[in-house]
Amino acid sequence: MDNSIEIENLTKIYGGNIKAVDNVTLKIGRGQVYGLLGQNGAGKTTLIKMLTGILKPTSGTAKIAGFDLNKDALKIRQITGVVPQDFTTDADLSGYENLKLVADLYGVPKKEAEERIETLLNMVDLYDVKNRRVSAYSGGMRKRLELICGLINTPEVLFLDEPTLGLDVTTRSNLWKYIKSIRDEFKITIILTSHYLDEVDALSDRLSIMDHGKIIVSGTSDELKKSLKGDIITLRVKNDSEEKIVENFKDAIEVKKMEMGDIRMKVNNSDVVLPELMKYLASNNISPESISIRKPSLDEVFIEYTGKHIDSEQKDYAKMMGFKQR
Amino acid sequence: MGGLIPLTIRDLKRWYRNPVSAIVGVIQPIFWIVLFGSAFDIAKFGVRSAFFFEGAPDYITYLMGGILTIIGLFTGMFSGVNIIWDRRLGILQRFLIAPINRSSIVFSRILSSVVRILVQVVILFVVGLLIPDGLKIAKGFDIMDAVILVSAVLMISFIFSSLFSIIAVRMTKMESVFGIVNLINLPLMFASYAMFPPDLMANWLSNVAKYNPISWSAQSVRLVIINGSLSASQAHSVLMYMTGLLVLSVFMLLLTYILSEREIRE
Numbered sequence: 001m002d003n004s005i006e007i008e009n010l011t012k013i014y015g016g017n018i019k020a021v022d023n024v025t026l027k028i029g030r031g032q033v034y035g036l037l038g039q040n041g042a043g044k045t046t047l048i049k050m051l052t053g054i055l056k057p058t059s060g061t062a063k064i065a066g067f068d069l070n071k072d073a074l075k076i077r078q079i080t081g082v083v084p085q086d087f088t089t090d091a092d093l094s095g096y097e098n099l100k101l102v103a104d105l106y107g108v109p110k111k112e113a114e115e116r117i118e119t120l121l122n123m124v125d126l127y128d129v130k131n132r133r134v135s136a137y138s139g140g141m142r143k144r145l146e147l148i149c150g151l152i153n154t155p156e157v158l159f160l161d162e163p164t165l166g167l168d169v170t171t172r173s174n175l176w177k178y179i180k181s182i183r184d185e186f187k188i189t190i191i192l193t194s195h196y197l198d199e200v201d202a203l204s205d206r207l208s209i210m211d212h213g214k215i216i217v218s219g220t221s222d223e224l225k226k227s228l229k230g231d232i233i234t235l236r237v238k239n240d241s242e243e244k245i246v247e248n249f250k251d252a253i254e255v256k257k258m259e260m261g262d263i264r265m266k267v268n269n270s271d272v273v274l275p276e277l278m279k280y281l282a283s284n285n286i287s288p289e290s291i292s293i294r295k296p297s298l299d300e301v302f303i304e305y306t307g308k309h310i311d312s313e314q315k316d317y318a319k320m321m322g323f324k325q326r
Numbered sequence: 001m002g003g004l005i006p007l008t009i010r011d012l013k014r015w016y017r018n019p020v021s022a023i024v025g026v027i028q029p030i031f032w033i034v035l036f037g038s039a040f041d042i043a044k045f046g047v048r049s050a051f052f053f054e055g056a057p058d059y060i061t062y063l064m065g066g067i068l069t070i071i072g073l074f075t076g077m078f079s080g081v082n083i084i085w086d087r088r089l090g091i092l093q094r095f096l097i098a099p100i101n102r103s104s105i106v107f108s109r110i111l112s113s114v115v116r117i118l119v120q121v122v123i124l125f126v127v128g129l130l131i132p133d134g135l136k137i138a139k140g141f142d143i144m145d146a147v148i149l150v151s152a153v154l155m156i157s158f159i160f161s162s163l164f165s166i167i168a169v170r171m172t173k174m175e176s177v178f179g180i181v182n183l184i185n186l187p188l189m190f191a192s193y194a195m196f197p198p199d200l201m202a203n204w205l206s207n208v209a210k211y212n213p214i215s216w217s218a219q220s221v222r223l224v225i226i227n228g229s230l231s232a233s234q235a236h237s238v239l240m241y242m243t244g245l246l247v248l249s250v251f252m253l254l255l256t257y258i259l260s261e262r263e264i265r266e
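From first to last, the protein sequence lines are chains G and C. With UniProt numbering, the residue at position 272 of the first sequence is 272, and numbering never jumps. With UniProt numbering, the residue at position 76 of the second sequence is 76, and numbering never jumps.
Errors might be hidden in some of the hints.
Stated by the list, open to error - Calculated lysine-lysine pairs in the DSS-like style (CA-CA distance at most 27 Å, straight line):
{"hint": "1", "chain 1": "G", "residue 1": "K229", "chain 2": "G", "residue 2": "K250"}
{"hint": "2", "chain 1": "C", "residue 1": "K210", "chain 2": "G", "residue 2": "K130"}
{"hint": "3", "chain 1": "G", "residue 1": "K238", "chain 2": "G", "residue 2": "K226"}
{"hint": "4", "chain 1": "G", "residue 1": "K225", "chain 2": "G", "residue 2": "K238"}
{"hint": "5", "chain 1": "G", "residue 1": "K238", "chain 2": "G", "residue 2": "K214"}
{"hint": "6", "chain 1": "G", "residue 1": "K110", "chain 2": "G", "residue 2": "K187"}
{"hint": "7", "chain 1": "G", "residue 1": "K56", "chain 2": "C", "residue 2": "K13"}
{"hint": "8", "chain 1": "G", "residue 1": "K130", "chain 2": "G", "residue 2": "K229"}
{"hint": "9", "chain 1": "G", "residue 1": "K63", "chain 2": "G", "residue 2": "K19"}
{"hint": "10", "chain 1": "G", "residue 1": "K63", "chain 2": "G", "residue 2": "K180"}
{"hint": "11", "chain 1": "C", "residue 1": "K13", "chain 2": "G", "residue 2": "K19"}
{"hint": "12", "chain 1": "C", "residue 1": "K136", "chain 2": "G", "residue 2": "K111"}
{"hint": "13", "chain 1": "C", "residue 1": "K173", "chain 2": "G", "residue 2": "K110"}
{"hint": "14", "chain 1": "G", "residue 1": "K257", "chain 2": "G", "residue 2": "K308"}
Said to hold, decoys possible - Just the calculated beta-carbon pair ranges, DEER-fashion:
{"hint": "15", "chain 1": "C", "residue 1": "F141", "chain 2": "G", "residue 2": "S135", "range": "41 to 47 Å"}
{"hint": "16", "chain 1": "G", "residue 1": "S173", "chain 2": "C", "residue 2": "E263", "range": "29 to 35 Å"}
{"hint": "17", "chain 1": "G", "residue 1": "A136", "chain 2": "C", "residue 2": "I131", "range": "47 to 53 Å"}
{"hint": "18", "chain 1": "G", "residue 1": "G16", "chain 2": "C", "residue 2": "N207", "range": "55 to 61 Å"}
{"hint": "19", "chain 1": "C", "residue 1": "I23", "chain 2": "G", "residue 2": "R133", "range": "28 to 34 Å"}
{"hint": "20", "chain 1": "G", "residue 1": "I13", "chain 2": "C", "residue 2": "I23", "range": "47 to 53 Å"}
{"hint": "21", "chain 1": "G", "residue 1": "G139", "chain 2": "C", "residue 2": "A22", "range": "26 to 32 Å"}
{"hint": "22", "chain 1": "G", "residue 1": "R133", "chain 2": "C", "residue 2": "F178", "range": "48 to 54 Å"}
{"hint": "23", "chain 1": "C", "residue 1": "R265", "chain 2": "G", "residue 2": "D2", "range": "47 to 53 Å"}
{"hint": "24", "chain 1": "C", "residue 1": "I5", "chain 2": "G", "residue 2": "G139", "range": "42 to 48 Å"}
Note that these hints are calculated values from the structure, not bench results. Every residue gets a Cβ at the ideal spot worked out from N, C-alpha and C, and that includes glycine.
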């Protein structure tokens, strides 16, 4: 498969010392949906902003559909579509007027633009409200409009930056449906950034995990899950016995105390280890608060490679505010 | 400069669909003309207006040149800073990812302000003529004078929309820009011949106002409104003022082009 995007040692440094993107090298095949998974602040959006010409890289280069980021920025903007994280449509204009404006900015001929606008509005079920001002749209409707704004120039590469951020569960799953139909109908390369594991898992052909501006690991979701080699037992105990448990089960493939206080054990076969663990807890008078066994998931993959939960920031905040954790 | 026309149309749509700002933009100068214009009725003291107000039959006629110039100043200023709204609302990002010259984002604002100024100039002229004992245009006022009048006001708009576009190219806080607007608009207006003739001013202020482009525009407009057919010395004055405005406009527009292409950020 030939590559639609080739990124080489791309780096963005803010203020002389903050590395938002750190020496990223990545190849993305044509026609793939490629997920970039990472916590807030991992560098995903900065990477997208560099690839779409909004930010200038500090160093490194990239080729998009054969065009050099540092030399052909205008051409790259012509052949890419972008759905930014924030709303970028004008709330004082109607949905139709916003699409017409974007079509004009991309120089789409009038007749072609009209046909395309109609097709896209129908695709995301906004045709009936096309003349309503965007200020009267719901968050989900506006996000759908943003989605098709990114498609008006029939791009070769589409960047979706956190497309479902801040949306409720139903609206999110609806938006997934539209993203899947774009993937199936348009056969274009889609770069999807998200900090929702299920989203990346459901939509991506391949993915990379980003942390602190770096690509930590890349592969298909299945490849990454298989790379974990083992079941995961997560245990939370009431008293301060974590260290003792970690010490006692150090023969497991891996055992460690996580930042949220959980003990995470990776074992070859949880069916064998679990009875041993329960016996140990009972004999040492340790009462478990919770215990779970999981076959490898993308969540586990993220923890394995970054050492933290993808939503640990939110959990820390919840803990600080005194909310109960599930 | 791809994008200039669609972005200008978008800006104009936002203007006429927001009746409050459109109406305020028209009513405010009318207040100036009607209220401030009636503040100096020196005829009551048996003094000829023409003596104090450079040949103008009354203060309203004298003031018109200044008010038209101030319309250009304010419309220009706000068209420049409005880019910050687009930045804060996220809309600017959509324009930055489009394959257009970045300067067209700024120049579309300037172009739409031209339309807005023309509308306001016409309304102000009509209101000035309709109010009792209002604006009195000289008999010899012809199309060439109208061209001078509109050009002077538009050039003031170009100069100040450019200046504020440059200021706004990277700013994110509307409050800071409004602070700057408030800081400079009063000295710009009062250290000029927009509202008062140079002979009535303290010498130091009159000397400062001589170099203020607001004075150049106000005096040019005033000379053609009050006199119509200009004498040789008046024509020379207008030529000098208009040349000054043209040079400054071209310089500021060029600077705006260069800086907006290089520096504009989301």
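Status of the hints after comparison with the structure:
1. Our distance criterion of 27 Å between C-alpha atoms is met by K229(G) and K250(G), whose separation comes to about 17 Å.
2. Between K210(C) and K130(G), the direct Cα distance comes to roughly 54 Å. Violation of the 27 Å bound is thereby established for this hinted pair.
3. Using a Cα cut-off of 27 Å, the hinted pair K238(G) and K226(G) is violated, with the two alpha carbons roughly 32 Å apart.
4. Using a Cα cut-off of 27 Å, the hinted pair K225(G) and K238(G) is violated, with the two alpha carbons roughly 30 Å apart.
5. Pair hint K238(G) plus K214(G) does not hold up; C-alpha atoms about 36 Å apart against a cutoff of 27 Å.
6. Proposed proximity of K110(G) and K187(G) is supported: the alpha carbons are some 24 Å apart, at most 27 Å.
7. A distance of roughly 33 Å separates the Cα atoms of K56(G) and K13(C); the hinted pair therefore is violated under the 27 Å criterion.
8. Simply put, K130(G) and K229(G) have alpha-carbon atoms about 51 Å apart, too far for the 27 Å limit, and the pair is violated.
9. Between K63(G) and K19(G) the alpha-carbon distance is near 21 Å, which keeps this suggested pair within the 27 Å criterion.
10. Taken as a hint, the K63(G) and K180(G) pair is honoured in the structure, with Cα atoms around 25 Å apart against an allowance of 27 Å.
11. Straight-line distance between C-alpha atoms of K13(C) and K19(G) comes to about 41 Å, which puts the hinted pair past the 27 Å bound.
12. Of the pairs offered as hints, the one joining K136(C) and K111(G) is violated, with about 51 Å between alpha carbons and a cut-off of 27 Å exceeded.
13. A hinted pair counts as satisfied when its Cα atoms are at most 27 Å apart, and K173(C) with K110(G) does not qualify at roughly 37 Å.
14. For a cut-off of 27 Å, the pair hint linking K257(G) to K308(G) stands: about 11 Å separates their Cα positions.
15. For F141(C) and S135(G), the hinted distance range of 41 to 47 Å is satisfied, since their beta carbons lie about 45 Å from each other.
16. Range check, S173(G) to E263(C): about 42 Å between beta-carbon atoms, so the 29 to 35 Å window is missed.
17. The hint said 47 to 53 Å for the Cβ distance between A136(G) and I131(C), and at roughly 41 Å that hint is violated.
18. Look at G16(G) against N207(C): about 47 Å separates their beta carbons, and that is not inside 55 to 61 Å.
19. Between I23(C) and R133(G) the beta carbons are some 20 Å apart, a value that contradicts the proposed interval 28 to 34 Å.
20. Between I13(G) and I23(C) the beta carbon distance is about 49 Å. The supplied range of 47 to 53 Å therefore holds.
21. Between G139(G) and A22(C), the C-beta spacing of about 29 Å keeps the proposed range 26 to 32 Å intact.
22. In this structure the supplied range 48 to 54 Å is violated for R133(G) paired with F178(C), their Cβ-Cβ distance being about 27 Å.
23. The beta-carbon spacing between R265(C) and D2(G), approximately 34 Å, falls outside the hinted interval of 47 to 53 Å.
24. A beta carbon spacing of about 31 Å between I5(C) and G139(G) contradicts the range 42 to 48 Å that was offered as a hint.
The structure fails to meet hints 2, 3, 4, 5, 7, 8, 11, 12, 13, 16, 17, 18, 19, 22, 23 and 24 from the earlier list, while all remaining hints are met.
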